[in-house]
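Using the sequences and the hints given, assemble the complete structure.
Single-letter residue listing:
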Amino acid sequence: MNLGFLVGFFGVLILSHAAYSTIQYRGLLKIMEEEFSRPPINVILELIIGLALCMWAALTFPGKFLSIHPDSDENRAVSLPDNSDFMIFNHRGRLFPPEIEMKF
Amino acid sequence: MVTKTEETQLNQLEIQVDNGGGGAWEYLCLVRNLKIRRSEKVLKHGSSILNDPKKRSALGPDEWTLNEQVAIAAMDCQCLDVAQNCVKALQKKFPGSKRVGSLEALLLESKGLWGEAEEAYSSLLEDNPLDQAIHKRRVAISKALGKPSVAIELLNKYLELFMADHDAWRELAELYLSLQMYKQAAFCYEELILSQPTVPLYHLAYADVLYTIGGVENIISARKYYAATIDLTGGKNTRALLGICLCASAIAQLSKGRNKEDKDATAAPELHSLAAAAVEKEYKQKAPDKLQLISSALRSLKI
Chain Z
1 MNLGFLVGFF GVLILSHAAY STIQYRGLLK IMEEEFSRPP INVILELIIG
51 LALCMWAALT FPGKFLSIHP DSDENRAVSL PDNSDFMIFN HRGRLFPPEI
101 EMKF
Chain Y
1 MVTKTEETQL NQLEIQVDNG GGGAWEYLCL VRNLKIRRSE KVLKHGSSIL
51 NDPKKRSALG PDEWTLNEQV AIAAMDCQCL DVAQNCVKAL QKKFPGSKRV
101 GSLEALLLES KGLWGEAEEA YSSLLEDNPL DQAIHKRRVA ISKALGKPSV
151 AIELLNKYLE LFMADHDAWR ELAELYLSLQ MYKQAAFCYE ELILSQPTVP
201 LYHLAYADVL YTIGGVENII SARKYYAATI DLTGGKNTRA LLGICLCASA
251 IAQLSKGRNK EDKDATAAPE LHSLAAAAVE KEYKQKAPDK LQLISSALRS
301 LKI
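Chains Z and Y are the protein sequences, given in the same order.
According to the UniProt record's numbering, the stretch in the first sequence is residues 1 to 104, in order.
According to the UniProt record's numbering, the stretch in the second sequence is residues 1 to 303, in order.
Hint data in this document are derived by calculation from the structure and do not stem from the laboratory.
Treat the numbers as computed from the prediction; the structure is a model and nothing was measured.
All residues carry an ideal CB built from backbone N, CA and C; glycine is no exception.
Some hints here could point you the wrong way.
Calculated lysine-lysine pairs in the DSS-like style (CA-CA distance at most 27 Å, straight line) [said to hold, decoys possible]:
| hint | chain 1 | residue 1 | chain 2 | residue 2 |
| --- | --- | --- | --- | --- |
| 1 | Y | LYS256 | Y | LYS224 |
| 2 | Y | LYS4 | Z | LYS103 |
| 3 | Y | LYS88 | Z | LYS64 |
| 4 | Z | LYS103 | Y | LYS44 |
Sample of chain Z residues lacking proximity to chain Y, with all beta carbon distances greater than 10 Å (derived) [to be verified]:
| hint | residue |
| --- | --- |
| 5 | THR22 |
| 6 | PRO40 |
| 7 | THR60 |
Given below as structure tokens:
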């Protein structure tokens, strides 16, 4: 859990650093009165690295993923609940009550 | 509907609690949520918690739910004094409660005093005529007295009011099956499949009933519903696989006199051979010493 958390933290840091650099770059372009078409190459590289780190962290940090298929081996129906609203008590088991002591 | 993970979890907890490891309260909660009938174990572990005053106070307000659960389990195991004690404790805590009133009537039922129980339920019904649980208990009384036709009549009247109650439809289907009224049972299962089409066990039961009624059209429909069950359980339901093999042999037998085109339309040779192969694979995995028996049985079905 720890490694995923750290990696995710660094990924978010890198992304916010890339955002800050882009804003600074735009400010610089405004001073030089040029048009802003796309951020510089190093910022794009930083964005790609940040994306990879964040995706890896998002997949490993939450832990085990649960299956959503209704017919997968974990989620398939094995039995129905016993209909206890219509339960009757005169079955053969009533001749063998277990020995239970009560103190309450 | 109990899933495979829940079943394995339940079995693990049961073994753990039986062998003295902790976790009795989790086991009892799981049994209550899954609505399974494990009365002896619930009684044993529940009363051990209730007997210990430290554990009892650790539960807090859940103590009364546990009392109710242990009371019903005690009634099922015929330990009537334990049940009486639990009900008395609940009466002291919640005087004049409807829920405790129906528990008392349940206690009368378990003692075998059907007349008094019926009176108690009628008086409870006067106060609130739309209480579902009490209507269902009246049906259960007629069932216990061995009068399935009275039970069916009461249940039909109940279902006219509460058509969406699938437990009641299930019970009605089983009552019809016990009286061998297969067409009515098939109707009940159709209602269940309509309201809950993703539960494979209703498809399985419907296919069983259709196969029992017999006739080529019914067996072809039964084969379709067995196939639907296999689809919904990911191929792990052995009963549905065997159902397809039996349908295959029944169709082959019944359509011996027909002409070739009809026979080709109803035959599904790939389905049959795949189902037979899947059955043998399951047996190889789970019961390898019985593989011989099932292989010879399947071979004799092909004829």
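Now the hints, each set against the structure:
1. Y:LYS256 - Y:LYS224: Measuring from Cα to Cα gives roughly 21 Å; hence the hint holds.
2. Y:LYS4 - Z:LYS103: Outside the cut-off at roughly 38 Å; violated.
3. Y:LYS88 - Z:LYS64: violated (47 Å)
4. Z:LYS103 - Y:LYS44: holds (13 Å)
5. THR22: It holds; Z:THR22 is separated from chain Y by about 47 Å at its closest Cβ, greater than 10 Å.
6. PRO40: holds (52 Å)
7. THR60: Check passes; 23 Å lies beyond 10 Å.
Hint check: violations occur at hints 2, 3; the rest are consistent with the structure.
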